[in-house]
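Colleague: Between the sequences and the hints, there should be enough to build the whole structure, so can you do that?
If you read the protein sequences in the order shown, they are chains G and H.
In terms of the numbering used here, the first sequence opens at residue 13 and continues consecutively.
In terms of the numbering used here, the second sequence opens at residue 13 and continues consecutively.
Honestly, the hints are just simulated from the structure, not real lab data.
Please read these numbers as outputs of a predicted model, since none were measured by experiment.
Each hint can be trusted.
Chain copies aren't distinguished; within one or between two, either way the pair holds.
Pairs of lysine-lysine residues, derived as DSBU-like cross-links and limited to a Cα-Cα distance of at most 35 Å, are as follows:
| id | residue 1 | residue 2 |
| --- | --- | --- |
| 1 | Lys66 | Lys120 |
| 2 | Lys169 | Lys190 |
| 3 | Lys169 | Lys14 |
| 4 | Lys120 | Lys287 |
| 5 | Lys14 | Lys175 |
| 6 | Lys287 | Lys14 |
| 7 | Lys187 | Lys169 |
| 8 | Lys187 | Lys175 |
| 9 | Lys187 | Lys165 |
| 10 | Lys287 | Lys66 |
| 11 | Lys175 | Lys165 |
2 protein chains.
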Amino acid sequence: MKFALTILGVNAATPAFGRFPTAQFLQIHNDYFLIDCGEGAQMRMSDFQVPRHKIRRIFISHLHGDHIFGLPGLLFSFDLNGRQEALDIFSPAGLEEMILAQLQPGGKLTFPVSFHEIDPTSSRLIFENDSVAVHSIPVWHRIPTVGFVFREKPRPKNIRPEKIGQYQLSIPQIKAAKAGENIQLPSGQIIENEELTSPPAPLRSYAFITDTLYDERIVPHIQGVSLLYHDTTFCDDFLENAAHTMHSTARQAAQIASMAGVGRLVTGHYSSRYKTLEVFLEEASTVFPRTVLGLEGSTYEL
Amino acid sequence: MKFALTILGVNAATPAFGRFPTAQFLQIHNDYFLIDCGEGAQMRMSDFQVPRHKIRRIFISHLHGDHIFGLPGLLFSFDLNGRQEALDIFSPAGLEEMILAQLQPGGKLTFPVSFHEIDPTSSRLIFENDSVAVHSIPVWHRIPTVGFVFREKPRPKNIRPEKIGQYQLSIPQIKAAKAGENIQLPSGQIIENEELTSPPAPLRSYAFITDTLYDERIVPHIQGVSLLYHDTTFCDDFLENAAHTMHSTARQAAQIASMAGVGRLVTGHYSSRYKTLEVFLEEASTVFPRTVLGLEGSTYEL
Numbered sequence: 013m014k015f016a017l018t019i020l021g022v023n024a025a026t027p028a029f030g031r032f033p034t035a036q037f038l039q040i041h042n043d044y045f046l047i048d049c050g051e052g053a054q055m056r057m058s059d060f061q062v063p064r065h066k067i068r069r070i071f072i073s074h075l076h077g078d079h080i081f082g083l084p085g086l087l088f089s090f091d092l093n094g095r096q097e098a099l100d101i102f103s104p105a106g107l108e109e110m111i112l113a114q115l116q117p118g119g120k121l122t123f124p125v126s127f128h129e130i131d132p133t134s135s136r137l138i139f140e141n142d143s144v145a146v147h148s149i150p151v152w153h154r155i156p157t158v159g160f161v162f163r164e165k166p167r168p169k170n171i172r173p174e175k176i177g178q179y180q181l182s183i184p185q186i187k188a189a190k191a192g193e194n195i196q197l198p199s200g201q202i203i204e205n206e207e208l209t210s211p212p213a214p215l216r217s218y219a220f221i222t223d224t225l226y227d228e229r230i231v232p233h234i235q236g237v238s239l240l241y242h243d244t245t246f247c248d249d250f251l252e253n254a255a256h257t258m259h260s261t262a263r264q265a266a267q268i269a270s271m272a273g274v275g276r277l278v279t280g281h282y283s284s285r286y287k288t289l290e291v292f293l294e295e296a297s298t299v300f301p302r303t304v305l306g307l308e309g310s311t312y313e314l
Numbered sequence: 013m014k015f016a017l018t019i020l021g022v023n024a025a026t027p028a029f030g031r032f033p034t035a036q037f038l039q040i041h042n043d044y045f046l047i048d049c050g051e052g053a054q055m056r057m058s059d060f061q062v063p064r065h066k067i068r069r070i071f072i073s074h075l076h077g078d079h080i081f082g083l084p085g086l087l088f089s090f091d092l093n094g095r096q097e098a099l100d101i102f103s104p105a106g107l108e109e110m111i112l113a114q115l116q117p118g119g120k121l122t123f124p125v126s127f128h129e130i131d132p133t134s135s136r137l138i139f140e141n142d143s144v145a146v147h148s149i150p151v152w153h154r155i156p157t158v159g160f161v162f163r164e165k166p167r168p169k170n171i172r173p174e175k176i177g178q179y180q181l182s183i184p185q186i187k188a189a190k191a192g193e194n195i196q197l198p199s200g201q202i203i204e205n206e207e208l209t210s211p212p213a214p215l216r217s218y219a220f221i222t223d224t225l226y227d228e229r230i231v232p233h234i235q236g237v238s239l240l241y242h243d244t245t246f247c248d249d250f251l252e253n254a255a256h257t258m259h260s261t262a263r264q265a266a267q268i269a270s271m272a273g274v275g276r277l278v279t280g281h282y283s284s285r286y287k288t289l290e291v292f293l294e295e296a297s298t299v300f301p302r303t304v305l306g307l308e309g310s311t312y313e314l
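Modeller: This is how it looks when you write it as structure tokens:
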């Protein structure tokens, strides 16, 4: 089952050097999520052949323009394409009024949209289904802002195919074995679960943390995630700007990644002060070697 | 003095095939205008190296999303760059509320913005200065929509340089000659104005007509313009769609261009039903040979 992140926009504040403002497309099994939606996100989805019509849920970190100005256009395009499927949008308070004001005088959309308000003051379970759970995380920015952690749900064990024939297992027995039970054969013999099954693949997880000061309070919330995208708006050379604008540096992001013991760190939300990006990778890698440079159009598969 | 149109976005309704929604940049002498502002207009300005900071006036034809969703991002970027110069935005009623709703919770902009409401029911002079006058034109679309005509103001005649020395003309005499007067020399001799001056260059003009049904009532308003951009959302093969959605075909645009005796016709506002565009040029050219295909990044100089 696929778990893959595609970066659509990776620049901070305003587009520059061909880089677009923040937007990400995340596939987890058969769920397709959009995370933030800066201006031009729909163009980027076309550029990178992302199946945007499959998106059912959109998660918005905060209401600064570079994270939301692509939403009206995306909804408008969904509408023009005759979309029928419901869309759920999760964000801190105030988004609904901003978006609905944009959709006039076009009238009603062809599909239902529900806005869900996230309380940004504590971590909450904001969405779950059989395969994934999404929690919000409070972060520290100039306006109410949250991060998100997407975690695969625990899956049943895998039955070893050769054991089905060997012990003539029935469907209910297979189901019980996958749930971790030992199996008693008609002969009375007990087969230990460990013989019948292999453990499920490790659970994968992704944390999206943008637009925040360096703050160690997020560490427990993202402990051990497979992939962490963390605000790296600046490098050391603009440390004061980072503090002043309530953003993080590449080094700070790497420190958080290191403390949280994540699998990989992806950089992003680059300031327009930087024409080239290698410096972000260099700086973060000195602290956390498993860093990859976040680039538009790149897909990070877990 | 320059008079040049650069097309930033040329697609209808939604971006497709790398084409962006409507936006145009117009330079007339030292005035820089933006006409409509679809999503991604600011990215297109970067792509085509348009000096966006020089824009002082924005003209919006109507409030459908594909003509305005780039405005919040553009204003936001102006703000981030510390813009000080005032910005005037002209549009049918309702735009101010839509835009201001987007700029929260970012607070006040660093520069003053004035919204000017255009009455879409009749042609009006909506802006003028020493070098240009801009009139609105009513067009026929699903919501209140206007076109725009930009006309150079009449200029003084050109003094023939060699005549200044020949007759020892004073500054007041030169000024009088440029205004069309004959000049009396100290000897009493009268020099005819035609000898002293050459006529000014012909006045140039540009008409922007988008999102309208075929309607001959616009012809008097755009009579003889140097350059006409006219809605060509469809070709003959989707004539009914054009009527239903209140748009025009390439043939209809060419008929209008022909009736108005314009210099050149530029096509645009292409439906996403068309992957390639040659058909628009072919269809319009059969009726009006001086047609050029409107393409993003192209500049049409007069």
